[in-house]
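S.K.: Chain residues, written in single-letter form:
Protein chains: 2
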Amino acid sequence: MMVPMSSYCVFCEIIARREPATILYEDDNVIVFRNRLNWVPVMLLAVPKQHMEQSELWTSEVITKVAKAAAEQGAAHCAGGFRLLSNFGYDAMQSQPHAHVHIVGGTFLGEYA
Amino acid sequence: MMVPMSSYCVFCEIIARREPATILYEDDNVIVFRNRLNWVPVMLLAVPKQHMEQSELWTSEVITKVAKAAAEQGAAHCAGGFRLLSNFGYDAMQSQPHAHVHIVGGTFLGEYA
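Just so you know, the protein sequences line up as chains D and L, in that order.
With our numbering applied, the first sequence covers 1 to 113.
With our numbering applied, the second sequence covers 114 to 226.
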């Protein structure tokens, strides 16, 4: 389901170049930029350019494009390994409605749960 | 790239029903079963039936099938939200070569890195 862009979305603003971001990769469908957080040395976000919810990304063909960009950028920036993840809802601390895959690495990450 | 099944793979054994597992979902391409770990209340694994490496899963069309099953099983078993993730290499503590997406939830998960 398309989510109407009736409210402010920081990822849509970054895609439209109305908010700053360090962009590492971009094609017609996907953008990868640095997260503003710095909990670990590498924190990137792979984001579909079309505004959609997490569940739409993960259950549609769009995931192939976002997943490929995420895996390739993880390998390019994290020689020792990396974790790809998406958060859904409160228990996972999802903070942005616009779908995204986190790329984290650059240090030993420890257990995943 | 196909990885020849020259060595023991516990996920291939589960798919072949030679190792036990609690299977929650299965189709021609994907299987979802409970992780043997119990760090959080819900720990599931979404696995392509074909033996392949993480990087092949995430850069091929196979990810659409695994991602959809993972998102649907997460929503079905984790009312409060869930995290989908894949670990690549040492820094992320990847322990199985056979590609897989973790589904974790059933409690407040905290930060993701």
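For the record, the hints were derived by calculation from the structure and aren't laboratory data.
Just so we're clear, the structure is a prediction, and the values are computed from it rather than from any experiment.
Treat each hint with caution, since some may be false.
20 Å max Cα-Cα, derived EDC-like pairs, lysine to aspartate or glutamate [stated by the list, open to error]:
1. L:K181 <-> D:E53
2. D:K65 <-> L:E166
3. L:K162 <-> L:D140
4. L:K178 <-> D:E53
5. L:K181 <-> L:E224
6. D:K68 <-> D:E111
S.K.: Of all the hints given earlier, name the ones this structure violates by number, lowest first.
M.R.: 5, 6
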